[in-house]
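Undergrad: Since chain A is already given, all that's left is putting chains B and C with the ligands on it; use the hints.
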Amino acid sequence: MTGLLTLDAVRFGYDPERPVLEDISFAVQHGEVVAVVGRNGAGKSTMLRLLNGLLRPDAGRLTIAGRDSADLKVSEIAAHIGTVFQAPEQQIFNATVRSEIGFGPAQQGLAPREQAARIDEAVARTGLEGVLDTHPLDLDAAMRRFVAVASVIACRPDLMLLDEAQRGLDATRRATLGGIIADWKASGRAIVLVCHDMDFVAAHADRVLGLAAGRLAVDAPVRDFFADAAATRAVSVEQPGIVALAQALGQPVALSASELVTGLAPRLKGGA
Amino acid sequence: MALINVSGLSFAYESTPVLQNVNLSVAPGEKLAILGGNGSGKSTLAQWIAGWLPRGSYAANAGEVTVEGQPWAELDAATRAGAVQFVGQVPMQQLSGFSFTVRDEIAFGPGNLALPEAKIRARVDAAVEICNLGHLLDRDPFSLSGGEQQRLSIAAALAMQPRALVLDEPTGNFDPESREALLAQLEKLPGALAIVWCDVTLGAPLSVAERVLLLDGGRIAYDGDVAGLLTHPRTAEIFGLPAVAQTALMLRERGLWPAEAPISMDVGRVASALRPMLESAR
Amino acid sequence: MAVARPQGADHALLYVPGRSFLHRLNPLTKLTLVLWCAVAAFALPPEGTIPLALLSILIGSFAGAGRVFARRLALTLLPLSVALFVVHGMLVDHAGARASLLGLDLSREGLAYMVRILGRIAALLSGSLLFVCTTHPSRLLKALDAHRFSPGAAYVIASPLLLLEPFTQRAKAIREAQMARGLDLEGSFMTRVKAFPALLMPLVTLALADIDHRAQVLDGRGFRAMPHRTVLDAPADSRQQRAVRWAVLVSIPVLIAGGVLWHL
Ligand SMILES: Nc1ncnc2c1ncn2[C@@H]1O[C@H](COP(=O)(O)OP(=O)(O)OP(=O)(O)O)[C@@H](O)[C@H]1O
Ligand SMILES: [Mg+2]
Chain A
1 MTGLLTLDAV RFGYDPERPV LEDISFAVQH GEVVAVVGRN GAGKSTMLRL LNGLLRPDAG
61 RLTIAGRDSA DLKVSEIAAH IGTVFQAPEQ QIFNATVRSE IGFGPAQQGL APREQAARID
121 EAVARTGLEG VLDTHPLDLD AAMRRFVAVA SVIACRPDLM LLDEAQRGLD ATRRATLGGI
181 IADWKASGRA IVLVCHDMDF VAAHADRVLG LAAGRLAVDA PVRDFFADAA ATRAVSVEQP
241 GIVALAQALG QPVALSASEL VTGLAPRLKG GA
Chain B
1 MALINVSGLS FAYESTPVLQ NVNLSVAPGE KLAILGGNGS GKSTLAQWIA GWLPRGSYAA
61 NAGEVTVEGQ PWAELDAATR AGAVQFVGQV PMQQLSGFSF TVRDEIAFGP GNLALPEAKI
121 RARVDAAVEI CNLGHLLDRD PFSLSGGEQQ RLSIAAALAM QPRALVLDEP TGNFDPESRE
181 ALLAQLEKLP GALAIVWCDV TLGAPLSVAE RVLLLDGGRI AYDGDVAGLL THPRTAEIFG
241 LPAVAQTALM LRERGLWPAE APISMDVGRV ASALRPMLES AR
Chain C
1 MAVARPQGAD HALLYVPGRS FLHRLNPLTK LTLVLWCAVA AFALPPEGTI PLALLSILIG
61 SFAGAGRVFA RRLALTLLPL SVALFVVHGM LVDHAGARAS LLGLDLSREG LAYMVRILGR
121 IAALLSGSLL FVCTTHPSRL LKALDAHRFS PGAAYVIASP LLLLEPFTQR AKAIREAQMA
181 RGLDLEGSFM TRVKAFPALL MPLVTLALAD IDHRAQVLDG RGFRAMPHRT VLDAPADSRQ
241 QRAVRWAVLV SIPVLIAGGV LWHL
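Residue numbers (our numbering), protein chains in the order written: chain A, 1 to 272; chain B, 1 to 282; chain C, 1 to 264.
Just chain A, with the same shape it has in the complex (with noise of 0.2 Å):
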């Protein structure tokens, strides 16, 4: 496998003084799923816009497909780097939905029909349908993450950064998000997700990088993050309701009901 993306030592500060970021180093593999945690001002975000080059390193390196990122301007970044800012309401500038997605395989300079092309899948991913014609900002707050997501989707980068994306979707748009990670995953590309929702990152992410006073604290695989308390009390996160429930009944973590329930249903009188 090779690296879709390698940090190493990467040092970042808005007042160079006093940085935000120190010592960050990870490599991110093709297939994988990423989630940043830590507090509100941990510095995820910022993380993120280092990624896709909008913010440059004080110091140390950032490799994106195998280039020094300092090398790359941002528009050459976007090649590999899709990202779904934290308000989409900052990111979203065209007149329709439609064109807003269109943009990206515009700069690509594709050919119309595959354009046309990329925009329907994106849109049939999202569920777009029904608003290709409306203004992006004129609709609820949930959709309009879903056109920053298709506009994404339609420029098929290898790493997708999803900023808070799950947040304040209700069942149905989570299952369609948490689709598109799984497909996105099962194609061989790479998601870093920054979230604050333990259960979306129990049930979506690989691997979690966790973030505090400025560090990288943890990086672990999904399942032993949430197995090591210190780990997530380091971080400022809490267990998601699964694991601890698991503990609870002298369980190993379970990730998700249907894994509780097998290793449970065994242990239950007449459950053999």
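No lab work stands behind these hints, which were simulated from the structure alone. None of these values were measured; they are calculated from a predicted model. Possibly wrong hints are sitting among the right ones.
Said to hold, decoys possible - Lysine-lysine pairs mimicking DSS-like chemistry, simulated, CA-CA at most 27 Å apart:
(1) Lys194(C) to Lys172(C)
(2) Lys172(C) to Lys73(A)
(3) Lys194(C) to Lys73(A)
(4) Lys188(B) to Lys119(B)
TA: Structure of chains B and C with the ligands alone, referenced to chain A:
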């Protein structure tokens, strides 16, 4: 008298109806959650309750909203601002644009009411405490992180000391710790503050609310207590059941759940329901 | 790199942080002085405007915003003087006496005209530039509020400075979103020029929507609910400054009258 009363409200942005014959009232000090799926009309209803609608070309097709018996339009600006504060969904869009520090942003509203300086400072301090913003007072509101900005928008509303606070997904960007801290602080607030909390999740709003409305397709599908909402036929479909409750349901399907125990989303309750069923440890 | 460094609270678009005596002056005092400069720029002859401009440049460079101020001023004034020189000194055909400078044959009247215009612009520009470089918009607002200007009037006076901020922020957000989806905005000058229309349309619509939304936020927070506002930490004022302001204001009609007489 009801603090806020919505009667027979029907509304459409263009042609698609968003709210249909909505009736509700909020008593002084009442803690109300309005829950619903995406597109169910929560944010729109929240804006009506808070007096942000009607505006411009948007008007009600039927019905009206009153505050202490008076229609919004008949209240003067100071009364409106002191009656209800609205915290919208997008933190950045809640900023006044007048303030270059967090402190000034919180002081902006009380300053508009021309309160004496000492009073304003006291209000700022209280709001800062509730929203845990002490370390950010001199920062530029526009350069805060998502969660910090959301905390600021709540603080700015609280500093107005309204009689009702209307919140639209107010903790979407909060980390779990800040969310718990805010919930604990809201508990401590003087009981006279009514809260209308609109959201798509069952978690945080239910720990504040005494009463819940379920909004479904622009209509009120349920109006009652929290327990009733959890067993409402649409609840699982709209909000999804937390994995803990799912576990209980799956076990029940297999006949592995104690008949007398209610299905719950609470870890402690589910665990204690199951403990007696565990084969004694070998 | 086209990546803007974000900022702390001290930041404002044109403001240069500092603690000079100009920074500490009450914004209203500075505002009156700017007003005086503006009137003087039109009322005074070049013999007046040029020293005035030189004076503000001197104060600005040494006691105000220093190098940033000087650079901004030079960046606006130099191209302008060259253009004026070329147009009025060489291109426009003025009758009458000629002058010779650096081997160029120039029109005397054209040159005089150029000096007059340039003197006006320099006086006006250096004064106002000095004001925005040393006055944070929030200080101006606070000073206006503290002097019981009505919130509406204060808003109108400060709005050019206040609106600049969200406007540039919007522009930045749009540019970032565009770059993040593959539009090259870091390339040559020409690529950027070509990308400008892609920025302009959304900027105008979104900035208008922002203003609309902001109006609602302001209403919600009781803006203009009272005839005046209370502010925290208003800029210091003093009896001397008040006296200066009155003196300056009173001298303005005198200045205008003098200007009219001089032109007769
Ligand atoms: N433009 C900026 N200028 C100065 N400081 C900033 C800027 N943006 C963010 N910060 C600060 O940097 C720190 C990290 O911010 P960041 O947005 O990365 O946090 P985050 O982990 O995404 O938080 P949240 O969970 O609230 O979204 C915070 O203290 C924040 O206030
Ligand atoms: Mg963030």
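Undergrad: Please go over all the hints and tell whether each is borne out by the structure.
TA: Against the structure, the hints:
Using a Cα cut-off of 27 Å, the hinted pair Lys194(C) and Lys172(C) holds, with the two alpha carbons roughly 17 Å apart. Distance check on the hinted pair: Lys172(C) and Lys73(A) sit about 16 Å apart at the alpha-carbon level, within 27 Å; holds. At most 27 Å may separate the alpha-carbon atoms for a hinted pair to count; Lys194(C) and Lys73(A) meet this at roughly 17 Å. This hinted pair checks out: Lys188(B) and Lys119(B) have alpha carbons roughly 20 Å apart, not beyond 27 Å.
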